[in-house]
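Enquirer: Given next are the chains, with one letter for each unit.
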Amino acid sequence: MKNMDFDWKPVALVPLLALLVFPLIGSGSTWLTLTVAGLAMGLIIFVIASGLTLVFGLMDVLNFGHGLFIALGAFVATTVLGSMSDWTQSDELWRNMVAVLPAMLVAMLVAGAVGLAFERFIVKPVYGQHLKQILITMGGMIIGEELIKVVWGPQQIALPLPEAMRGVILIGDAAIEKYRIIAVIVGLLVFGALVWTLNKTKIGLLIRAGVQDREMVESLGYRIRRLFIGVFVMGSALAGLGGVMWGLYQQSVTPQMGAQVNVLIFIVIIIGGLGSTAGALIGALLVGLMANYTGYLAPKVALFSNIALMAGILLWRPQGVYPVANR
Amino acid sequence: MLTRLLSNDLPRSRPLAILLLVLLLGLAFAPFLFPGVKALNVAAKVLIFIVLVASFDLLLGYTGIVSFAHTMFFGIGAYGIAIASTRMGPTWAALGVGLGSALVLSFLLALVIGLFSLRVRAIFFAMITLAVASAFLTLASQLSEFTGGEDGLTFKVPEILQPSYDFMDEPFLGVMLDGRLATYYLLFVLALVLLLTLLRIVNSPFGRVLQAIRENEFRAEAIGYRVVVYRTISSILSALFACMAGAMLALWLRYNGPDTSLSFEIMIDVLLIVVIGGMGTMYGAAIGATLFMIAQSYLQDLLRLGSEATVALPWLSALLSPQRWLLWLGVLFVLSVYYFPTGVVGKLRVRSARRQAERGG
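These protein sequences, in sequence, are chains A and B. Numbered according to the working numbering, the first sequence spans residues 83 to 409. Numbered according to the working numbering, the second sequence spans residues -12 to 348.
Source of the hints: derived by calculation from the structure; they are not laboratory data. Being a predicted model, the structure only gives us computed values, none of them experimental. Just so you know, not all the hints are guaranteed correct.
Ranges between beta-carbon positions, derived for each pair [unchecked claim]:
1. B:Q129 / A:G164: 31 to 37 Å
2. A:K91 / B:P328: 42 to 48 Å
3. B:F251 / A:S301: 55 to 61 Å
4. A:T161 / B:F94: 56 to 62 Å
5. B:D288 / A:Q338: 40 to 46 Å
6. B:R213 / A:S301: 34 to 40 Å
7. A:A393 / B:T78: 34 to 40 Å
8. B:R342 / A:S301: 42 to 48 Å
9. A:Q211 / B:V318: 56 to 62 Å
10. B:P328 / A:D173: 56 to 62 Å
11. A:Q211 / B:Y285: 54 to 60 Å
Backbone N, C-alpha and C fix where the C-beta goes; we use that ideal spot for every residue, glycine too.
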């Protein structure tokens, strides 16, 4: 944001973490595989978390129901991809792309539309009341999860990867799954688009200004409410997209996946500093790497390692790596 | 005497007082009034949930912060009893050791979580407790040699509390005086004492400070109260009481597993009960827990009837199926937070206050 004196220390954390665990893992090829997996997971988490952190920064709304859009996006994708099995089973990459792209678009549209309704009926009546917000959005998530069970059934649904996206590429000894590379590319594209929107467009300028000082933007005559609805819908759509990517990553979807991913996302936005997009990226990459490294080194404590990571960062910077002003 | 016992926090509404009295007498004589295994089970569950919900209300209703780790402490209490009894055999010493170590663990965990998250912003607390609780749930089901994993632990309690132990050969007033009955009355006394203690806490000067923080954090800090200290103490106290409730649960079921004490559904039940009963009133916990437990036992049957009656409309039938019980709880929860934030107790109190004002004026 402030290009003059950009704070590089948090950015250095990501390579630092990757280098620190290198001696623990020992084998270079395993390390490379895990690192790519961690980066892919981190970028998927970032796609999901970016909307949540902006919504909080802009309107002070903490949405505990964000996970709902993740699950919704993933389930919509199962339906869309299921109906296009001719295209997904083809082993030509471009045909697979033709199948996955509409799945992602439809998932984003549905998640965005539900987000609009969610904002109107669940979030709007409780602006400015944190306690009720937490309770109500949590209630909204329970309702949404149950409705997903009504539509798609309570059981786990397989979401197989299209043919050409399966398998691995060998770089030296390191096996890298093709889909992880695709996830990294999509994640970077979303990040690029987000950075471009926030830094080069007027809407982005207003959003950043609103995060810094809401009242000032309002007093200049801009309707921050409309801006907020736009950000909320976009954030929900991104969560839907992230849900599709997460579902393909896991190759299966369950109605509870939203609640599970939600936990990771909260850790990410706390690490990043509530309201900070750059912080969310760093938090997401750290969490993604940490989850993969500990998943390999000590699977039983995988989730606790992320909490320990968060605790460590909060000891260093109590407001997260990039604290947002005026909060 | 009564005023002192209730810490000068009287029901302040005649219907509420009558309701509470009926509840107290009903629970005190439940084994004699409602014979049958199922009814006694419901009554014991009510006792356990009164303590659990009241301890949560200390946090949500009185201090104004949301924790999603309350079932974690509930689970720690239950696991403490279960693990100690499995390892040390069915003795009172095992119960003591189990409860003691569970309380110490709860204290430490609550202290660490509180200091980490409440230091910066109360909103962190909700997120961090959610993360810690879900990590703990995973851990509990993975450490299977210690916690019994997904299957949980079945254990024996001291002989006097076992169902096979008889105090008298003859039934008294048609009820066998066995260990089950002794356990029930142990729970009853515990619940009563714990609830009165909580009532004492919230009506003490300390409790007043908590309410001041809930109403206006900034002003409380300005008057000179260290908000973070008070909030942390409140969360520790609430964790300890939840731990006690967990121990009661384990004692009653003689079993504990992840689903019985740690699951997220219990957390949602607790949230709903607090809101229905009335946030910020200990009596609300008692009324809410009773209403909820009865509803849980009978509403599901009603849903099943509704689902069977609407087979012609498959989507409606799917919505009404008893497996979607959580959906209706969620709807009820959202609606009560919107339109009914003071709960049953709040409504009753407002009504009698208005009546008194009319009579007086």
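Enquirer: Flag every earlier hint the structure violates by its number, smallest first.
Expert: When the structure is compared with the hints, numbers 3, 4, 5, 9 and 11 turn out to be violated.
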